[in-house]
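> Chain residues, written in single-letter form:
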Amino acid sequence: MSEADCPECGATVELHDDIEVGEIIDCGTCGAELEVIAVDPPELDTAPELEEDWGE
Amino acid sequence: MSEADCPECGATVELHDDIEVGEIIDCGTCGAELEVIAVDPPELDTAPELEEDWGE
Amino acid sequence: MTEHDSQTRARRRQHQPADQSVVFANARRRRLRADGGQPPVVVKIGGANAVDPEGAVDDIAALVESGREVVVVHGGSTAVDDTLERMDIEPTYVETPGGVTGRFTDAETMEVFAMVMAGKLNTELTTLFRNAGVDAVGLSGVDGGLLSGPRKSAVRVLDDGTKKIKRGDHSGKITDVNSDLLDSLLDDGYTPVVSVPMLGEDDDEVLAVNADADRSAAAVAGALGAELVVLTDVAGIYADPDDPETLIESAATPKELKSVKDAAEGFMTKKVMAATEALEGGAPAVHVGDANRDAPVSSALNGAGTKIE
Amino acid sequence: MTEHDSQTRARRRQHQPADQSVVFANARRRRLRADGGQPPVVVKIGGANAVDPEGAVDDIAALVESGREVVVVHGGSTAVDDTLERMDIEPTYVETPGGVTGRFTDAETMEVFAMVMAGKLNTELTTLFRNAGVDAVGLSGVDGGLLSGPRKSAVRVLDDGTKKIKRGDHSGKITDVNSDLLDSLLDDGYTPVVSVPMLGEDDDEVLAVNADADRSAAAVAGALGAELVVLTDVAGIYADPDDPETLIESAATPKELKSVKDAAEGFMTKKVMAATEALEGGAPAVHVGDANRDAPVSSALNGAGTKIE
Ligand SMILES: [Zn+2]
Ligand SMILES: [Zn+2]
Chain A
1 MSEADCPECG ATVELHDDIE VGEIIDCGTC GAELEVIAVD PPELDTAPEL EEDWGE
Chain B
1 MSEADCPECG ATVELHDDIE VGEIIDCGTC GAELEVIAVD PPELDTAPEL EEDWGE
Chain C
1 MTEHDSQTRA RRRQHQPADQ SVVFANARRR RLRADGGQPP VVVKIGGANA VDPEGAVDDI
61 AALVESGREV VVVHGGSTAV DDTLERMDIE PTYVETPGGV TGRFTDAETM EVFAMVMAGK
121 LNTELTTLFR NAGVDAVGLS GVDGGLLSGP RKSAVRVLDD GTKKIKRGDH SGKITDVNSD
181 LLDSLLDDGY TPVVSVPMLG EDDDEVLAVN ADADRSAAAV AGALGAELVV LTDVAGIYAD
241 PDDPETLIES AATPKELKSV KDAAEGFMTK KVMAATEALE GGAPAVHVGD ANRDAPVSSA
301 LNGAGTKIE
Chain D
1 MTEHDSQTRA RRRQHQPADQ SVVFANARRR RLRADGGQPP VVVKIGGANA VDPEGAVDDI
61 AALVESGREV VVVHGGSTAV DDTLERMDIE PTYVETPGGV TGRFTDAETM EVFAMVMAGK
121 LNTELTTLFR NAGVDAVGLS GVDGGLLSGP RKSAVRVLDD GTKKIKRGDH SGKITDVNSD
181 LLDSLLDDGY TPVVSVPMLG EDDDEVLAVN ADADRSAAAV AGALGAELVV LTDVAGIYAD
241 PDDPETLIES AATPKELKSV KDAAEGFMTK KVMAATEALE GGAPAVHVGD ANRDAPVSSA
301 LNGAGTKIE
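As given, the protein sequences belong to chains A, B, C and D, one line each in that order.
Residues 1 to 56 (our numbering) are what the first sequence spells out, left to right.
Residues 1 to 56 (our numbering) are what the second sequence spells out, left to right.
Residues 1 to 309 (our numbering) are what the third sequence spells out, left to right.
Residues 1 to 309 (our numbering) are what the fourth sequence spells out, left to right.
The set of hints was computed from the structure by calculation and includes no laboratory data.
Predicted model only: the values in this text are computed from it and were never measured.
Don't be surprised by glycine CBs; every beta carbon is placed ideally from N, CA and C.
You may find that some hints are simply not true.
[Unchecked claim] Taking beta-carbon pairs under 8 Å as the criterion, some of the chain C residues facing chain D (in silico):
(1) A114
(2) M115
(3) T123
(4) T127
(5) R130
(6) D143
(7) D188
(8) A208
(9) D290
(10) N292
(11) A295
Please take these sequences and the hints and turn them into a complete structure.
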């Protein structure tokens with residue numbers, strides 16, 4: 001179990017062991033969607049807002 | 001050895017045994033360039049004038 | 001695989017209609033003809049493999065001959081699939097959190113996409129039109145920035161139940177249409193034949209990216225104030241997708257439009273979405289009709305199929 | 001394989017210069033600028049793989065920015081070879097009775113040729129120009145009948161010493177350039193980026209066929225009355241092809257031109273033939289210069305390389 005700081009509210013976010021780059025995690029404190037941008041050491045950034053599209 | 005008529009001068013043109021479609025033969029009588037357009041039975045037509053080009 | 005064959009698969013993929021609002025940044029102006037005549041027509045046809053274009057080509061030739069301005073927009077993703085397979089490139093399919101499955105367009109796939117769409121299909125179709133007496137000019141969305149807008153390189157995907165951001169996608173959203181380029185070609189008597197890719201605007205560069213052909217056609221129709229004819233391989237939009245007897249002939253009020261949207265399933269959802277975008281963009285009417293009937297374009301314009309306005 | 005690497009092979013193939021006379025059927029008119037300024041420039045560059053276009057792109061962007069009208073024509077047969085190989089298509093090479101070896105363009109090869117030239121390379125190059133601030137519009141010779149002329153489907157070949165007619169070739173000879181289309185795009189501020197295929201006229205149809213990119217550039221320069229800049233990977237035409245010290249700076253009389261022709265070997269023969277066609281077609285001057293030097297186009301226009309007029 002590792003942890004990283006939420007870039008939105010500064011709270012500590014607990015991370016499960018097998019996190020992968022690109023994974024989206026919810027901050028338990030402020031609820032922000034966070035993207036795992038590095039795993040060793042783990043680093044989080046605010047996940048981009050992406051509208052879901054209806055395909056090619 | 002087969003033969004066919006020259007479409008230019010009407011003379012008989014002697015053909016060797018293994019002629020192929022597309023082959024160009026000279027008429028021994030009028031000198032015209034003739035294209036083999038069929039082999040069984042053999043048939044000749046005037047070969048198209050094609051300018052040689054200097055490549056793609 | 002015809003468009004019809006893929007209906008079931010498409011239906012499974014398209015659970016959730018997404019954001020429908022498209023705001024075109026460029027000034028939208030309707031083409032005003034000196035003779036006060038009819039607006040131009042944008043015709044969306046499939047690629048060579050999806051829907052046989054021959055009937056549409058002859059019909060469009062007759063329309064152009066009669067003086068109507070026409071812009072053709074074509075798709076052809078089955079031909080892209082064929083070429084990917086031929087080149088031993090395995091397409092990557094991704095599922096969005098909403099359950100929509102789509103092909104992920106990585107750099108290599110994008111290259112094939114551009115080759116097939118702008119090189120093979122556009123050239124073939126332009127040649128078909130020229131043989132029918134139409135002075136066709138093929139263009140991709142890159143040319144003159146014809147179809148442009150922000151690139152989307154990141155997509156949200158569901159990977160084994162885990163939500164992830166996947167980067168490196170080559171797709172985009174059309175927000176601008178260079179209608180001046182089309183106007184100028186139309187004024188000179190040409191018939192533009194338009195294909196994706198579009199021109200995607202990234203942070204510090206532009207690049208060719210994937211876009212949906214139906215939406216491209218909708219964007220063009222909106223920008224030109226043109227009637228849009230979307231040809232497909234069924235007679236129009238059915239209230240019951242499995243029953244041709246339930247063809248919806250027209251939708252001219254918001255309420256009617258809503259019932260069309262509710263009726264649309266599978267790949268038809270995309271057509272209805274595109275229709276909505278075209279109307280919102282400034283198109284006076286959208287017709288969804290059968291590509292394989294006689295005179296498919298003029299029939300659709302004359303009321304066969306489904307008319308949405 | 002760079003153009004330079006293939007010089008030896010090309011030299012072996014090109015024993016016999018062939019017919020040089022090209023008569024363009026369309027009325028040839030020089031572009032007259034209201035300001036009495038300089039004629040347009042047609043720049044022939046390689047495809048993405050043959051000669052790195054980046055230097056040329058920035059230089060052309062500066063030229064366009066300064067108000068000069070530019071049309072770009074590109075080749076790229078090594079990229080076609082790469083894609084044929086990727087698709088497991090074995091190219092057929094044929095030898096003419098005169099000893100020139102060339103690739104036979106059957107239907108399948110033609111399809112790949114169109115994909116790569118008009119789809120991949122043209123899109124890439126148009127995108128490069130747009131990133132450099134040039135409002136580029138990619139066109140193939142099929143679009144608007146830009147480059148057209150009779151298809152040649154039959155070629156004379158030497159097959160194991162036997163002369164034969166081989167049919168089914170997809171190539172053609174450019175006799176018409178739609179200069180109106182180029183003029184109109186130039187007038188609107190666009191920079192056309194032109195690639196083969198050309199539009200071949202067969203008995204009862206037109207179709208996309210192969211044509212040489214250097215000759216295409218020559219045809220365009222002739223039709224526009226434009227200066228032609230042919231970029232290659234050596235500094236110009238050398239009196240001794242192996243000695244850069246023997247660069248021929250200019251040829252302005254028939255006698256000087258003949259000495260250039262005598263000096264040209266290998267792939268340079270093609271450049272000189274194209275130059276001759278351009279001049280006969282109405283181009284005021286042709287420059288053969290190095291694609292890989294700084295500011296390759298403006299340098300060539302300013303006298304670096306070989307100038308033929
Ligand atoms: Zn937080
Ligand atoms: Zn005879």
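> All the hints need checking, so say for each whether the structure fits it.
Here is how each hint holds up against the structure:
| no. | hint | verdict |
| --- | --- | --- |
| 1 | A114 | holds (5 Å) |
| 2 | M115 | holds (4 Å) |
| 3 | T123 | holds (5 Å) |
| 4 | T127 | holds (6 Å) |
| 5 | R130 | holds (5 Å) |
| 6 | D143 | holds (4 Å) |
| 7 | D188 | holds (6 Å) |
| 8 | A208 | holds (5 Å) |
| 9 | D290 | violated (27 Å) |
| 10 | N292 | violated (23 Å) |
| 11 | A295 | violated (22 Å) |
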